[in-house]
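Asks: If you want the building blocks of each chain, they are given just below.
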Amino acid sequence: MNSLDLAFQLNGRAVKVSMAPDTLLVDLLRDVLGLKGTKIGCREGECGACTVLLDGRPVNSCILPALKVQGRSVVTIEGLTRADGSLDPLQQAFIETGAVQCGFCTPGMILNAKALLTENPKPGEEEIRRALSGVLCRCTGYQKIVQAVQAAAGIAE
Amino acid sequence: MRNQDEGRKDVQLLTKEKFDFQQLLQSPSTDLAVAGQSVQRTDARLKVTGKLIYGADYGQQGFLHGKILRSPHPHALILAIRTEKAAALPGVAAVLTARDVPGRNGFGAIIPDQPVICGDKVRYVGDAVALVAAETEKIAQQALELIEVDYEILPAVLDPREALKEDAPQIHEKGNLLSYNKLRKGDLEAGWREAEVVLERTYRVPFLEHAYLEPDVTMAVPQADGTMVVEGPMQAPFTTRRNLAAVLGLPINQVRVRQVPMGGGFGGKEDSPIDIGCRAAVLARHTGRPVRLALEREEVTIQTCKRHPMIMTIKLGARRDGTLTAFAGVIYDEQGAYASLGPVIPPAGGSHIHSMIMMPGPYEIPHVSVDAYLCYTNHPYGGAMRGFGAPQVHIAHEQIMDELALELGLDPLEIRRKNAFKLGSATATGQVLDQSVGLRETLEACAREFDWAGRFRRTGYVDAEKTRRRGIGVGLGWYRTSIGTAGDGCGANVYVHEDGSALLFTGITEMGQGSYTVLPQICAEELGICLDQVRLVQPDTHMVPESGPTVGSRSTTLMGNAIIQAARQVKETILETASEMLLVPASRLEARAGRICDRENPERVLLFREAAARAMARGKRLIGQGWWTPPPATLDPETGQGNPYFVYTYSTHMAEVEVDVETGEVEVTDYVAAFDVGKAINPRAVEGQIEGGVAMGLGYALMEEVVLKNGVPQNLSLQNYLIPTILDVPRIKSIVLEMPNAHGPYGAKGIGEMPNIPATPAILNAIANACGGRVRSLPADPEKVYWAIKEAGGAPQE
Amino acid sequence: MATAFRELHWSGDIPVTAYHFPPSLPEALNVLERFPGKARILAGGTDVIPELRRRDSAAEVLVDISRLPGLNTITQAGDEIRLGAQVTHAQAAASPLIQEKAGLLAEGAAAVGSPQIRNVATVAGNLISARPAADASIPLLALRAAVVLVSKAGERIVPLTDFFQDVGKTVLDENREILTEIRFKGLGALQGGCYLRLSKRRALTLPMLVASAVVTIDPDKKCFADTSIALGPVAPVPYRARPAEVRLRGGALTLKAIREAAAAAVQECSPRDSLLRGSCDYRQEMVQVLVRRALQKAVERAGFSLE
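These protein sequences, in sequence, are chains H, L and Z. Read in order, the letters of the first sequence are residues 1 to 157 in this note's numbering. Read in order, the letters of the second sequence are residues 1001 to 1798 in this note's numbering. Read in order, the letters of the third sequence are residues 2001 to 2307 in this note's numbering.
By construction, these hints were calculated from the structure, which means they are not laboratory data. Values in this document were obtained by computation on a predicted structure and should not be read as measured data. All C-beta atoms in this analysis are idealised placements derived from N, C-alpha and C, irrespective of residue type, glycine included. Check the hints yourself; a few may be wrong.
[Unchecked claim] Partner residues aside, some chain L positions facing chain H, computed with beta carbon under 7 Å:
#, residue
1, LYS1047
2, ALA1211
3, GLY1263
4, GLU1600
5, PRO1602
6, ALA1695
7, VAL1729
8, GLY1772
Next comes chain H alone, as it looks inside the complex (with noise of 0.2 Å):
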């Protein structure tokens, strides 16, 4: 199998790979760049672990070729914390008010909680709901993880 060429912005830093065809985004992220944040929870798009943002949307890292981010943005979440190791509001709202357990759907969590806050800063609990109906979380039964949005956006509940 031929080798391609992929250049993108990963994480505000430039990327230079070269790939098989076959490669989807998760796996370019995972195994070849190091960026284990991503999970893999079922390879078919439905459980949203793998969720990274695409030019500032959230699409599923596991059903995406790697070839279709050339030339595009990709942040992971590795890529929210800032270079002073200081985190993201979001993060730190989910870590403070309890949205975390298992952890496994958290960066999808987080990730697609970013997309939302970015493009609409004072959702309502429907609206953020929404946004995040495409993570399944098996522990925590989502309230915390709706509390922390809200918090990291400054809405009082």
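Here the structure of chain H is known, so what remains is to put chains L and Z in place on it, guided by the hints.
Replies: Frame of chain H; chains L and Z shown alone:
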């Protein structure tokens, strides 16, 4: 039981005013510094930044990739297996069949009846027929396709009642009845005579998938000295080790099992790591190379254990005023192909006997019988899943309580108030509940918060078109702490170092529930240091003491007690040293937040680390070793009478639903759940358990089911095996009451499983209340609700 | 019967050997021609990639049309609305034009999968996948949409009623044609539409039943001038409930007329008994409920009320 009198005194003090639950509402304890506080999870930062390394995240360089060839038949003899073509494929390192298993060709959490590789026959679709290890997953997969197997298909047993028929095909040599257990209390005939109303109903529940988000993965790494290291997410490192040793033919001290962070378990990762761990280890042993075996989501559904399906019949007798007089229950409990966690570990361990014990519910009933049959079938096997046999029977007893209330024209709360456990009640096993019984308090707290009385009057249609009808439902529940076996011990080691920092060694695993936060809280509390001074060591069977499995809602209570013992040993040494340094008797010293001071003269103070340094310099022992075993469990095998579990957690759930009476669609619109947890060591973590448990119980009620057709699972993926999304789960109000457990650390008892249990019947009862139709065979999906409404003659007019 | 090997043994990879990003439509058609029987057009890929992983597709060569120019817009030409083949469900759902002129399509597009899926999956792909209950296909069928299929021989315009052939199969010749555009007339005054779906949970799920209706009201006679009703899955392809449409033509704006039409809608419906998505009996009952509700809502949206 130990401390019985002491415990009773406490409880009576708290219950002197009937149903005054206000004083039991959880509040931060003033005398505790770390325990009882909603501290942040110790692993949360790693999880929100994506830095926590889960099993699938480990480097794979140098690893072979393992794959399992699975049986396509639910029941068949293996006539021949041809592996030559597969073995000849470039990149294949091993193709193994039954004869290649070095030790015992069987594993199991209780009975080793599941072959590592099937030799003579297969017993379910997914059974392992051959194992392959290859340089890449792709090659391993290609090799699987090249293996040829000749089967002779046998008739399959796909119903637990069919399994018991005389002419049923035999799945295992000892027959299809894996276990029969019975409970007999009082004089049932007298109970029926006393009854003015007798109701009999049958309820059915399907197989459930845990649907933990993280698919299973294991890594087996052979060491030069002959030791086998097996790493992966797992709930029961010691059970896994025991099985690995037998399967590999190694002494236990040459098997090293390391638990890595887990993306959810819910009981499922008690079994599955044994399964894939043994298989990967056999491949690793054979090839002498590290082997990684990872399951795809669909393979998790096919291969790993499920929640037991059951067919449950209850005959219930009561007086007109709602007082229960007699209960006769029959359970056909479907074990599936292998024993897993179903059979009895004397006296009261294993899921089946637990179902039997819990079946009559948290009610005083003078005359009781339960007959419980655990049957092998050619379906996937039942294992542990959050509640371990209790969710199923709660679905039965909580529904028939409502059906009885309707029959008697009573409010569902009234009939429960009449019969619910209180201090001094005797359970169906004859156990007198002598302490920490907060069931009625949870009922009253929940009813007040939910405004049950008000809402009960306001059910009915919510729209002018009369398509949506609102209803409310209640579910009561009880759940044990501990597992009811004779050997339910828990060990902990605490090492304090010269800088005052501590290491905590336990074999309790973290699957999301928060043990790696709660256990260090207890350690810090006892030592009198800050939480950040305690580091927990990831369970590694070469390093941590035997702790049993992380199941049975036992971690906080049993391990908490062991940690307290271990920490106190060290603290005694530290305080003795401090006493010498401060010239104050040790009995007057108090350690808190890393400072040790004289209680009578708080000015006299030194730092914990100064005392630790001095003790170390003087060669004193700063290692504590704790061990805690619950009060002995008893249960007479003939009568089912005894004290099977030493303490219970209680709860009341109330749900409001809206049912579209034309389509059968159900929306859960409001939810309140109240718990008596003894003591919340981390209240926010307790809330997290409650909210998550309720969501899981909602899924059981409305949508979850592993659909099987001729023994073949039909919904392998998360697209078809539905669990609740964020749009399906309502806001949940949690109420935490604390009625101290005399045997628990700071009064704590278990909370992990309880929240999942009464949620399902509370929702089912609300549906029936809303639309008049009752779904007695789960899940209550739109179609089932629709037909239930039809069967009831249509939804009420007004 | 033995369960198929691939149902029991899964892997994460897709059997793809080549991936093409043709820069232009002619170039895309060239690539198709070069790999007869092996190439597969891919836009969002949310159906194609899982299919490849399940080994449900024999394709080895992916032809990604997401960089072809001019296919990512929603435009209006006269009273006709045109959706390019790259328009995603998220785009369609958020488009003010679609919301105003084809609200039922916006509703259907918003019901697909999840936000992540909708950001990638295209409406055209929803048609080509040809699932009998596809959330965008059903409202488009009710809107009497047509698709533009382009080949080297030129283009043909195929109404959706002629487009679907069987489960997963359309008249599109995958070896030489590409669907470039979806066209339909936007709803005008006196028209109303509605999309409804029945499912086991409230997000991330395939429907048990989808229904869409478009009504045109005759304001003078106060009757149904014209209706189109689409349903799925009640047949191997997205289904137009002609008996109900005929029944309603010229009918008075009454609940009774709607009920009769809903009853007629069931006549030729033959939903499968599905272990996962409901029995035939249940879905036939639900056809009546959903058709009735969709018609009621459509009339209301047309600005009329029922007697």
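Asks: Any of the earlier hints contradicted here, and which numbers?
Replies: Numbers 4, 5 and 8, in rising order.
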